[in-house]
Amino acid sequence: EDKVVQSPLSLVVHEGDTVTLNCSYEVTNFRSLLWYKQEKKAPTFLFMLTSSGIEKKSGRLSSILDKKELFSILNITATQTGDSAIYLCAVVKAAGNKLTFGGGTRVLVKP
Amino acid sequence: DAGVIQSPRHEVTEMGQEVTLRCKPISGHNSLFWYRQTMMRGLELLIYFNNNVPIDDSGMPEDRFSAKMPNASFSTLKIQPSEPRDSAVYFCASTVVGSGDTQYFGPGTRLTVL
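Chains S and H, in that order, give the protein sequences. The first sequence begins at 1 in our numbering and counts up by one. The second sequence begins at 1 in our numbering and counts up by one.
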């Protein structure tokens with residue numbers, strides 16, 4: 001059975017701190033890994049990763065994939081209160097376009 | 001451009017009643033997904049369609065749940081009869097097959113079954 005596990009479950013940091021979120025997976029025929037941010041409503045897309053070792057960046061957020069060790073990390077530097085959210089990772093298999101989500105990491109950034 | 005549209009945004013009903021959730025995907029998208037999110041189980045895929053055809057419904061919990069996509073711009077998820085354990089947020093998402101794996105989510109329907 002496919003598995004996507006995120007850690008930690010939750011964390012509390014102060015503004016300006018750096019946060020590292022982990023996503024490990026066990027799926028057959030892996031194709032891509034996606035990160036989403038969910039605030040009060042729908043998940044919004046952050047990154048899609050398909051190749052190992054290539055960092056994707058968007059402002060203070062960055063992510064990288066390791067297909068040998070089967071994990072990805074999402075980094076947030078200089079955190080702000082607006083970064084408070086649940087961060088979800090999901091994997092897609094080679095056949096089909098179904099996303100399998102991890103349980104998410106809840107991040108709270110305090111002023 | 002409008003995103004994925006879902007209705008209603010909130011639904012409160014009594015156990016045993018029929019519930020119908022509606023979704024309009026982004027125009028031009030040909031793949032549509034229904035998800036359910038709860039605190040206990042996180043975000044789970046229920047069913048998805050490509051070009052209006054159901055591809056994978058293995059996540060549909062039981063026969064009380066059914067989904068249809070009569071055309072490219074409309075889908076429904078029906079629960080009949082509803083039970084309190086169906087209380088959750090139901091999301092619809094859409095994408096274009098073959099364009100990458102990014103899915104765009106609607107605002108969700110918060111369902112409460114009393």
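Hints were generated in silico from the structure; no laboratory data involved. Please note: incorrect hints may appear among the correct ones.
Each computed SDA-like pair below joins lysine to any residue, with the alpha-carbon atoms no more than 25 Å apart [unchecked claim]:
hint : chain 1 : residue 1 : chain 2 : residue 2
1    : S       : K37       : H       : K68
2    : S       : K40       : H       : S7
3    : S       : K40       : H       : P81
4    : S       : K40       : H       : R85
5    : S       : K3        : H       : P81
6    : S       : K37       : H       : P81
7    : H       : K24       : S       : Q38
8    : S       : K41       : H       : D63
9    : S       : K56       : H       : T102
10   : S       : K40       : H       : V113
11   : S       : K56       : H       : D86
12   : H       : K68       : H       : P81
13   : H       : K78       : H       : S7
14   : S       : K40       : H       : G3
15   : S       : K93       : H       : Y104
16   : S       : K68       : H       : T102
17   : S       : K93       : H       : P61
Chain H regions said to be covered by chain S (calculated; three or more residues, Cβ under 8 Å) [as the list claims (entries may be wrong)]:
hint : region
18   : 61 to 73
19   : 87 to 97
20   : 101 to 110
Cβ atoms here follow ideal geometry from the backbone N, Cα and C, with glycine treated the same way.
**Request:** Would you mind confirming whether the straight-line C-alpha gap from H:K24 to S:Q38 stays at or under 25 Å?
**Result:** Measuring from Cα to Cα gives roughly 21 Å; hence the hint holds.
**Message:** Checking one constraint from the list: CA of S:K3 to CA of H:P81, max 25 Å. Satisfied?
**Reply:** violated (31 Å)
**Hinted pair S:K40 and H:S7, Cα distance within 25 Å** = holds (17 Å)
**Message:** Against the 25 Å threshold, does the CA-CA distance of S:K40 and H:P81 hold or violate the hint?
**Reply:** violated (29 Å)
**Asked** With a cut-off of 8 Å between beta carbons, are at least three residues of the region 61 to 73 of chain H near chain S?
**Response** Since three or more residues must qualify, the claim that chain S covers the region 61 to 73 of chain H is violated, with 0 doing so at under 8 Å.
**Asked** Holds or violated: H:K68 with H:P81, Cα cutoff 25 Å?
**Response** holds (17 Å)
**Request:** Given the hint that S:K40 pairs with H:R85, test it: the Cα-Cα distance must not exceed 25 Å.
**Result:** holds (22 Å)
**Request:** Decide if the proposed pair is consistent with the structure: S:K37 and H:K68, CA atoms, cutoff 25 Å inclusive.
**Result:** Violated, because 28 Å separates the two Cα atoms, which is more than 25 Å.
**Asked** Is the straight-line distance between the alpha-carbon of S:K37 and that of H:P81 25 Å or less?
**Response** Violated - the C-alpha atoms of H:P81 and S:K37 are around 33 Å apart, more than 25 Å.
**Asked** Can the restraint linking S:K93 and H:Y104 be considered satisfied, given a maximum Cα separation of 25 Å?
**Response** holds (18 Å)
**Asked** Between S:K68 and H:T102, does the CA-CA distance stay at or below 25 Å?
**Response** holds (23 Å)
**Item:** Claimed coverage, the region 87 to 97 of chain H by chain S - three or more beta carbons nearer than 8 Å
**Value:** holds (count 3)
The structure shown violates the earlier hints numbered 1, 3, 5, 6, 8, 11, 18.
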